[in-house]
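Protein chains in written order, with this note's numbering: chain A, 33 to 354; chain B, 3 to 671; chain C, 4 to 189.
These aren't lab readings, by the way, just hints derived from the structure by calculation.
One should not assume that every hint holds.
[Claimed, not checked] Derived coverage of chain C by chain B (criterion: at least 3 residues anywhere in the stretch with Cβ under 8 Å from a Cβ of chain B; other residues may be distant):
no., stretch
1, 29 to 41
2, 44 to 52
3, 84 to 98
[To be verified] Distance condition first, Cα-Cα at most 27 Å in a straight line; then the derived DSS-like pairs of lysine-lysine:
no., chain 1, residue 1, chain 2, residue 2
4, B, 46, B, 533
5, B, 204, B, 238
6, B, 328, B, 511
7, C, 85, A, 352
8, B, 400, A, 352
9, C, 183, A, 130
10, B, 554, C, 85
11, A, 123, B, 554
A virtual CB, placed ideally from N, CA and C, is assigned to each residue, including glycine.
Next come the chains, spelled out residue by residue.
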Amino acid sequence: MNYTYFPGCSLEKNAACYDASTRAVAAQLGMQLTEVEDWNCCGATEYVSLNLTAAYSLIARNLAQASKNTSTHELVAPCSACYLNLRKCDKVLGQDPKFAGRVVQALAAGGLSYKPGTLHIRHLLDVLYQDVGLEALAAKVTKPLRGLRVAPYYGCMIVRPEFHDGGEDPEAPTSLDEILKALGADVVDYPLKAACCGGHMTQISEATGFDMIHRLVKSAADLNADLIATLCPMCQLNLDGFQGAMNRHFGSHFHMPVLYFTQLIGLAMGMSMREMGIGEEIVDARAALSRIGSEMAAEAAEPKRPRKDDKALPMPAPLKRA
Amino acid sequence: MTEEIRIGVYICHCGSNIAGTVDVEEVARWAGHLTNVISSRDYKFMCSSLGQEMIEKDIKEKGVNRVVVASCTPHLHELTYRNALARAGLNPYFFEMANIREQVSWVTTDRVEATKKAEALVAAAVSRVAWHEALEPLFVPIDPNVLIVGGGVAGIQAALEIADAGNHVYMVEREPSIGGHMAQLDKTFPTLDCSACILTPKMFNVGNHKNVTLMTWSEVEKVDGYIGNFTVTIRKRARYVDTGLCTGCGVCEEKCPKKVVDDVFEAGVGHRKVVYRPFPQAVPNYPVIDRPNCTFFQKGTCKACEKFCPTGAIKFDQQDEVLTVKVGNIILATGWDLFDARRIPQYGYGRIRNVFSSMEFERLSNAAGPTGGKIVMRDGVSVPKSVGIIHCVGSRDKHYNNYCSAICCMQSLKFAHLVHEKTGAQVHNFYIDIRTPAKAYDEFYQRVLDEGTIFIRGKVAEISDSPRTAEEEGKIIVQVDDSLAGRQRRIPLDMVVLSAGLEPRHDAKEVAIKFGISCSADRWFMEKHPKLDPVATMTDGVFVAGVCVGPKDIPASVAQGSAAAARVLSIIGQKEIQIDAATAIVNEESCVGCKECIPSCPYQAIEFLEDKRKAYVREALCKGCGTCVGTCLSKSISLRHFTDDQLVAEMIGAMTAMKMFEQAQTEVA
Amino acid sequence: MEHNHASSFMDEVSSSAPGGEALRTCIQCGTCGGSCPSGPDMQHTPRQIFALIRAGERDVVLKSNTPWYCVSCYYCTVRCPKEIPVTEIMYTLKRMAVRDKAFDDSKAPDFSKVFIRWVEEFGRSFELGLMGVHMIRHNPFGAFKIMDMAVGMVTKGRMAFTPTRIKGLDGLKRILAKAKELEAQA
Ligand SMILES: Cc1cc2nc3c(=O)[nH]c(=O)nc-3n(C[C@H](O)[C@H](O)[C@H](O)COP(=O)(O)OP(=O)(O)OC[C@H]3O[C@@H](n4cnc5c(N)ncnc54)[C@H](O)[C@@H]3O)c2cc1C
Ligand code: SF4
Ligand code: SF4
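Hey, can you work out the whole structure from these sequences and the hints?
The structure is reproduced here in structure tokens:
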């Protein structure tokens, strides 16, 4: 399993623990990651707001750099925004030859070239779910996360729009749920799993941004989650970094740690907290993590057989997806 | 050719449809010089009675004995002109049509080019018609028996019309009882009469009609033949109940110890026994045993039903029965499936307890349903204080069904009224557009407004169980762009009902193939003409009625049932039916008996005469497609009205005209 | 066939967004506006913006805060029953507003501009430094609210003060210069 790796700006500093845990976990799982040579910023959601050709040329430079690694066509990005931008750029260049012509010219000015469709651009979640697979993952688990209630949080950019080729529903994805279950965690049916963290909204309109963070944190707390598992540095920054400010804005007292899913995988595989960068989060996760292995408070077990006088009506069964 | 060929050519203006692009006078003048043409005219509307009289007059007075009309497509008017020829005493096959509308004026903008092309097509037709032979139309007898597939309200209506007229009907229904979806409904809009009260008498009449053979728990396996003469193979699934002995007393149902969720009749919100009739007024009133769920079939023990049946009617060793019937016409009335709202995860159906489907709601509201007609929440007890009804679920949406399901607006208004009447709850209806176009429908909308229902215009974005505020705690929250107020709103409610759309039956395509008809892109059965022949199909003798053709309400389904019956009765009344004489014929002299042609025919029209060791085309089955002509290696099959001579003459006509244009061109240059 | 369509503004918008032609088929159902997580704070819901585009209200549309409140969550795009790429149209409106200098509140466009300035000068970005700059410029008092966070970020080593400079910066600059030149011509 050989991949070209695009860490992205966030993973350099702010989300360094995501980078470290990704690399550590990948090594354990037999994945070879080769970092894209001299990559640049993907432009996040900012550049397209100003200049379309420049925005796509900026992204395309990364595709050109990544395609220099001819040993694989698989390009993996752990940041959802980078993933979406890289993937969208590849797709748009393939679909719109007139526009692509402009981007090709711009790249040529820097002595580079890229042919759309050369790379297969994936998110780390998809690679772990499809290429590594639940079985291989479960086989590596030495310290199952039993007793830890985790709210799986996907955010928006990885499941929408339909650039994803993992066949996930853009409203109700399940791969992260399944991965966390394979680690032994108690996975919460988190209704806001694909809702938006607010992106850069804290900077544009504080109240709007805080409201979005509040929804997500409150819902996880309402469901008694111990922590939120995320797979995007922007989501982590919003939910973790701004949680205090959000609490102050709302007069609330949430303490909801937010960790990267790779950190949880690493812990379950027996790696140390330090290796996984636990402690770099603003909302301290240690108390929550100490619940691992603790017996769960026996939840009021639902009665198996309905009582005789139970008038409850049957519910439709959940839809089985093909 | 002994007689002298005297051709009349008639160029139609079709108002400005043709004359706007083609110089019709010039075409008529030019055609007057072609070989054998003795009369060439143009006229505003050839298909009008005056136009037809013009042809008839030329035949009678000028001795025209071959006719060419250059106008629209033969699909539209070939028969019109053939009849005109027949009226004037000429064989109708001495006629040829040149299509200068669809193939010329509608697809060409250059007047000069269009005129030339029209002339070439006329020349081709003139050249061909000289080779036409007189053909005699064929007649086949009509079997007066009729097959009706599907015993919903549309099929029931058709069955009664035909049976009352004195013809025999075989009705095949897949479920244990007829009645279809209408039997599940509570009240029906806009009059609010009780669905069962108006339907069950009709069901009873079907069940007891001397001219109806009712086969429920049955399905059609195979259809052979053609209009007037179909042979249909039907599988009657084993009921494990001897219908000769069963009296319909219901003791078996009472004694059966096993209950399962009833996904069909109770829409998943109620239960039934394993030996069951879907509802007490079922027709026929015999139960069936649901084999996959039966303890005896699973484990070999139980037999409670057998033990208690007073007439010994339970027969665990019963087998499926396969039988064939002969009919002259078929009506398909297979209805619809409800859109599965679980396909829209953001609406929470199947996850949020108090989100219900429309069919679940009908059963809740129905006095014969699982709650005895009480509108309650999933706990079976609590009465909602606020209810949201969501229109257009799965309809008008490219991700699901692009069409409007036609009935959901009225059905949603009906629900609003029922909730208001039975619970006093505050009702919110969420809609994109209110569509109430039929008689007394908009008045019903007014009534529901008057009752205090709140209407919010906006397609619901999501239904959430994740509260943001204290007010939302413990509620279902409907999030919507209230487009008339111009802002996003979140409305906390106790209960939500999803007005899911109507979908073609999951097996509509297979059924269509079985009966030789086609489906539209969204899988509804395709009618012959959406306006002028809405219950016929492109396959003669196969008709369609009710929702299987497209979404509609009960009045429209009933009207279509009657319409299909009328079409069938008109065919039966003709006793025999004329079919096109343009069929294939085998030249027995040269046929070598290799049988290559037999499998090539898509209509199974060719049989092998063992005594003569020759192929033989059954004219009544042949559709004149010509496939066998191309297959036969010894060139022994020809197609009447499409002979080699005729086709070659047609091409020569066209090519000669083009040559003439070329020469004229070089002369000018 | 000649068409006498009313709004040339509609043509302008729909032709500048990838897949934007679908905008003509909007049925004003409001799925977009209902789905938008920042919808409550927008001056116009996306649906209203589309009605205004139809009405040719160029000024109102380009001055609206709506596109700047778009968080790129793509809910509208995946839910729109007519498969209109709503998010792409929001980006398009932002570009048009910046070009026309139409949007008065400079806060949101400024954020994008500052972000991009770093990227153009270093090849990489660093959102935290940017947030600091942005806060101090537009909301100096607000900065206090997140002080503890900023301190946390620094002490936990998550805060960088300048972005990393890439090696091929000259090449990148040439690429972007060329791209801007081509965009201006398009
Ligand atoms: C919630 C709801 C409420 C409604 N309320 C009203 C109302 O108040 N007023 C109104 O006018 N309309 C109402 N309608 C619409 C109404 O239900 C339909 O117009 C009506 O059911 C159409 O009848 P049908 O005979 O065409 O189809 P169906 O009722 O679907 O009947 C088709 C029959 O064919 C059988 N069948 C299917 N396939 C086969 C096969 N291959 N072989 C043998 N048998 C087969 C089925 O078992 C069924 O019995 C409502 C619809 C819904 C969803
Ligand atoms: S293919 Fe021709 S030769 Fe062979 S059996 Fe048929 S008609 Fe006769
Ligand atoms: S969701 Fe689509 S169709 Fe509905 S208002 Fe928005 S853009 Fe228009």
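These are the hints, each one checked on the structure:
1. 29 to 41: holds (count 10)
2. 44 to 52: holds (count 4)
3. 84 to 98: holds (count 3)
4. 46(B) x 533(B): holds, 26 Å
5. 204(B) x 238(B): holds, 23 Å
6. 328(B) x 511(B): Distance ~24 Å between residue 328(B) and residue 511(B) Cα, so the pair holds.
7. 85(C) x 352(A): Answer holds: residue 85(C) to residue 352(A) is near 26 Å, not above 27 Å.
8. 400(B) x 352(A): Roughly 22 Å between the alpha carbons, so the hint for residue 400(B) and residue 352(A) holds.
9. 183(C) x 130(A): holds, 16 Å
10. 554(B) x 85(C): holds, 23 Å
11. 123(A) x 554(B): Roughly 42 Å between the alpha carbons, so the hint for residue 123(A) and residue 554(B) is violated.
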